[in-house]
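Participant: The lines below spell out each chain.
Number of protein chains: 2
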Amino acid sequence: MPHRTAFFISDGTGITAETFAKAILAQFEIDPKRVRMPFIDSPDKAWQAVRQINHAAEVDGKRPLVFTTVVNMEVLAVLRAECKGMLIDMFGTFISPLEEELGMKSNHRVGRFSDVSKSQEYHDRIEAINFTLDHDDGQTNEDLEKSDVILVGVSRSGKTPTSLYLAMQFGLKASNYPLIPEDFERRTLPPALVPFKKKLFGLTIDPARLSEIRNERRPNSRYASLENCRYEVAEAEAMMRRAGIRTLSTTTKSIEEIATIIRQDLNLQ
Amino acid sequence: MPHRTAFFISDGTGITAETFAKAILAQFEIDPKRVRMPFIDSPDKAWQAVRQINHAAEVDGKRPLVFTTVVNMEVLAVLRAECKGMLIDMFGTFISPLEEELGMKSNHRVGRFSDVSKSQEYHDRIEAINFTLDHDDGQTNEDLEKSDVILVGVSRSGKTPTSLYLAMQFGLKASNYPLIPEDFERRTLPPALVPFKKKLFGLTIDPARLSEIRNERRPNSRYASLENCRYEVAEAEAMMRRAGIRTLSTTTKSIEEIATIIRQDLNLQ
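Residue numbers (the working numbering), protein chains in the order written: chain A, -13 to 255; chain B, -13 to 255.
Bound conformation, chain A alone:
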């Protein structure tokens, strides 16, 4: 298959363009060379981008795919007129029909982050990240009541990356708390969690997969042994069932999927 190049062009960070392009490209059995071009925010930079795109067109002998979220009209005009790629204009395509539907002009503002130090939403998101880090792995019970959600589960069931994703992507304060052998012997939830039952969400995992993951961290340890993983998972599942906590198996799920299910289930918007 002849080589192709895909460009991701934005007048901002290009993260939306890249996320979008990844999702679209996953629909095809191709693996193009990827070139990221963030901060293309002047006609001058647009011309530089055009030069690269047209060079790739010549070298590849195939039209490059040019995914763009540019909103600056001057920049877009240069790309439209001059680039020899296939322009996949994810904003422009929808902006005109939306202007008509909404009966208003768009503002052509770049990105969502022009003034972060003054944005309450951004401030809250950073706060959520800090809160989540402070409350990782049951480090502290202080302010636990301020959590939007408290994840529980055995060590390495996916609590930490999921908590961080909930904070980073959705601005949620996500604590997480390990279930450990002492809890299983006592056969009750860690006492600090009891007042917050409605905020608890349990993660579980297939013992064989858990053993694999733990073996990467501590090879050939009792901690990572299949036998111990089976014991811990069975105990943790039984405990969560007794306590009436919703649980989800993370075995084949991405942190995006786990986080989306938690958010939907606990109705966190």
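Simulated from the structure, these hints should not be mistaken for lab results.
We put the beta carbon where it would ideally sit given N, CA and C, even for glycine.
Don't take each hint at face value.
Here are the in silico distance ranges between beta carbons for each label pair [said to hold, decoys possible]:
#, chain 1, residue 1, chain 2, residue 2, range
1, B, Gln250, A, Ala63, 23 to 29 Å
2, A, Leu252, B, Pro83, 24 to 30 Å
3, B, Ser82, A, His(-11), 48 to 54 Å
Dumping the calculated BS3-like pairs for lysine-lysine here, alpha-carbon to alpha-carbon at most 30 Å [said to hold, decoys possible]:
#, chain 1, residue 1, chain 2, residue 2
4, B, Lys19, A, Lys184
5, A, Lys91, B, Lys8
6, B, Lys31, B, Lys19
Calculated from the model, a selection of chain B residues having no Cβ within reach of chain A, i.e. all distances over 10 Å [unchecked claim]:
#, residue
7, Thr2
8, Arg195
9, Asn201
10, Ala220
Based on the hints, put chain B in the right spot on chain A.
Facilitator: This is chain B only, laid out in the frame that chain A set:
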């Protein structure tokens, strides 16, 4: 202004749909009610979505905006035929022209994460998150050479959230290391960092903004005082300049912007 509802509909997590819709909606001075509908992956669920959309259309007296990344053709057919919203079909719109350009059919596969426990890319990303957490705030010098980037700067200059974003979004191993008064007295970089000068990236911040941020954590402390913030920032900037480390001011920048600039600057792909 009459009320409007925006729906984000996906057969996967809907995170791409939501990211995209947020970026598009930021172009207009409207603030619609937002309804997320992930995992709409069967005609049955599509019908349920249609009912909600058409209900909103009636209540609002305005067509809802329906942002969708659905790739399942049966689901899409129901939405197209039955929903009384304005369908903003970010995948379908581009898939047909791309099929033509590429000379192949798309696979209509949902999401990128169908088999995460077997995906090397996903595994590496989780590893990067774990590495980044282990190397937060100079906690350990072990494996420091495996870092893709090492962020340095004074306490609360934005190192931790930026590191986590680099790991979470781009799968980069991002360590971070604080510059502290002892370093300023010694007037040299922390010795552990010296071998990795090429991986260092400095974050700096306006002292007044730093004082604000620190005051949220430790009100009225010497640590948060404007005088101390001025001293630390001046010393850190001088040290990074002497060491020839690239630096960026985070004062008005989002973690997305900071991460994108670092990635571009250090040529981390």
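Participant: For a quick check of understanding: which of the numbered hints are violated here, in increasing order?
Facilitator: 2, 3, 7, 8
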